[in-house]
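Generate coordinates for the entire structure from the input sequences, incorporating the hints supplied.
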Amino acid sequence: MSLPDVLAAGGIVWRLMDDHLRVGVVERRRYGGDISLPKGKLDPGERLVDCAVREVAEELGVTAVPTQLAGLMSYRVGERDKYVIFWEMQWVADLPDGLDDTEVADRRWLDPSEALTVLTYERDRRLLADVLSRRSPG
699 MSLPDVLAAG GIVWRLMDDH LRVGVVERRR YGGDISLPKG KLDPGERLVD CAVREVAEEL
759 GVTAVPTQLA GLMSYRVGER DKYVIFWEMQ WVADLPDGLD DTEVADRRWL DPSEALTVLT
819 YERDRRLLAD VLSRRSPG
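Sequence positions in the sequence shown follow our numbering and run 699 to 836.
Note that these hints are calculated values from the structure, not bench results. Among the hints, erroneous ones may be present.
[What the hints assert, rightly or not] Calculated cross-link-like contacts (lysine to aspartate or glutamate; reagent style DMTMM-like; alpha-carbon spacing at most 25 Å):
id: 1; residue 1: Lys-780; residue 2: Asp-792
id: 2; residue 1: Lys-780; residue 2: Asp-732
id: 3; residue 1: Lys-739; residue 2: Asp-804
id: 4; residue 1: Lys-739; residue 2: Glu-801
id: 5; residue 1: Lys-780; residue 2: Asp-748
id: 6; residue 1: Lys-780; residue 2: Glu-801
id: 7; residue 1: Lys-780; residue 2: Asp-717
id: 8; residue 1: Lys-739; residue 2: Asp-703
id: 9; residue 1: Lys-739; residue 2: Glu-820
id: 10; residue 1: Lys-780; residue 2: Glu-820
id: 11; residue 1: Lys-780; residue 2: Asp-828
id: 12; residue 1: Lys-739; residue 2: Glu-777
id: 13; residue 1: Lys-739; residue 2: Glu-725
id: 14; residue 1: Lys-780; residue 2: Asp-795
id: 15; residue 1: Lys-739; residue 2: Asp-716
id: 16; residue 1: Lys-780; residue 2: Glu-744
id: 17; residue 1: Lys-780; residue 2: Asp-716
id: 18; residue 1: Lys-739; residue 2: Asp-795
id: 19; residue 1: Lys-739; residue 2: Asp-792
id: 20; residue 1: Lys-780; residue 2: Asp-741
id: 21; residue 1: Lys-739; residue 2: Asp-779
id: 22; residue 1: Lys-739; residue 2: Asp-828
id: 23; residue 1: Lys-780; residue 2: Glu-725
id: 24; residue 1: Lys-739; residue 2: Glu-786
[Claimed, not checked] Beta-carbon label-pair distances, calculated as ranges:
id: 25; residue 1: Gly-776; residue 2: Pro-742; range: 29 to 35 Å
id: 26; residue 1: Leu-814; residue 2: Leu-714; range: 14 to 20 Å
id: 27; residue 1: Ser-772; residue 2: Val-747; range: 14 to 20 Å
We put the CB at the ideal spot given by N, CA and C, even for glycine.
Okay, here's the thing in structure tokens:
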């Protein structure tokens, strides 16, 4: 008997800091301290976009507004397929309670080119590179 697929959602969160565009990444406590885009599993009855907003709030410690679909990634986790849909999001505000430090060791706001070098997984780098290639300059 095969296990059901895992559905998840996340965000590529943009923030202007000191007149420079930054993207939010998280360093997770689990998975060997990987550095990745914020994402997480869908709760029962939850819409994918709501999951993305919730996970960004929990992992980056911010409120962000989805602006457009960024893409979909899929990969194997043990015996199951995991599908993650990402939205591009715009940072609105830091949350007063900060990030959920039970799962996240640190959050970073990086120049997009730096993020491409520090993200642990090729699938995250590919998605971010694809989003960057579609963004208009300025």
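Hints, one by one, checked against the model:
For the given pair, Lys-780 sits about 29 Å from Asp-792 by alpha-carbon distance, which is inconsistent with the 25 Å threshold. Proposed proximity of Lys-780 and Asp-732 is supported: the alpha carbons are some 17 Å apart, at most 25 Å. Among the hinted pairs, Lys-739 with Asp-804 is consistent with the structure: their alpha-carbon atoms are about 20 Å apart, no more than 25 Å. Only pairs whose Cα atoms come within 25 Å are accepted, and Lys-739 paired with Glu-801 is accepted, the gap being roughly 13 Å.
Only pairs whose Cα atoms come within 25 Å are accepted, and Lys-780 paired with Asp-748 is accepted, the gap being roughly 18 Å. For the given pair, Lys-780 sits about 19 Å from Glu-801 by alpha-carbon distance, which is consistent with the 25 Å threshold. Taking the CA atoms of Lys-780 and Asp-717, the gap is near 36 Å; set against the 25 Å cutoff, the hint is violated. Among the hinted pairs, Lys-739 with Asp-703 is consistent with the structure: their alpha-carbon atoms are about 11 Å apart, no more than 25 Å.
Simply put, Lys-739 and Glu-820 have alpha-carbon atoms about 20 Å apart, close enough for the 25 Å limit, and the pair holds. The hinted pair formed by Lys-780 and Glu-820 meets the criterion: a straight-line CA distance of about 15 Å does not exceed 25 Å. Under the criterion of a C-alpha separation no larger than 25 Å, the hint pairing Lys-780 with Asp-828 is consistent with the structure, at around 20 Å. Our distance criterion of 25 Å between C-alpha atoms is met by Lys-739 and Glu-777, whose separation comes to about 16 Å.
With a C-alpha separation of about 17 Å, the suggested pairing of Lys-739 with Glu-725 holds against the 25 Å cut-off. A hinted pair counts as satisfied when its Cα atoms are at most 25 Å apart, and Lys-780 with Asp-795 does not qualify at roughly 30 Å. For the suggested pair Lys-739 and Asp-716, the alpha carbons sit about 33 Å apart, so the restraint of at most 25 Å is broken. Taken as a hint, the Lys-780 and Glu-744 pair is honoured in the structure, with Cα atoms around 17 Å apart against an allowance of 25 Å.
With a CA separation close to 37 Å, the supplied pair Lys-780 and Asp-716 exceeds the 25 Å bound. The hinted pair formed by Lys-739 and Asp-795 meets the criterion: a straight-line CA distance of about 21 Å does not exceed 25 Å. For the hint linking Lys-739 to Asp-792, the alpha-carbon distance of about 22 Å falls within 25 Å, and the restraint holds. A distance of roughly 14 Å separates the Cα atoms of Lys-780 and Asp-741; the hinted pair therefore holds under the 25 Å criterion.
Pair hint Lys-739 plus Asp-779 holds up; C-alpha atoms about 12 Å apart against a cutoff of 25 Å. Only pairs whose Cα atoms come within 25 Å are accepted, and Lys-739 paired with Asp-828 is accepted, the gap being roughly 23 Å. Straight-line distance between C-alpha atoms of Lys-780 and Glu-725 comes to about 20 Å, which keeps the hinted pair within the 25 Å bound. For the given pair, Lys-739 sits about 17 Å from Glu-786 by alpha-carbon distance, which is consistent with the 25 Å threshold.
Range check, Gly-776 to Pro-742: Cβ separation about 21 Å, and the 29 to 35 Å hint is violated. Range check, Leu-814 to Leu-714: Cβ separation about 19 Å, and the 14 to 20 Å hint holds. Between Ser-772 and Val-747, the C-beta spacing of about 18 Å keeps the proposed range 14 to 20 Å intact.
In the structure shown, a violation is registered for the earlier hints numbered 1, 7, 14, 15, 17, 25, in ascending order.
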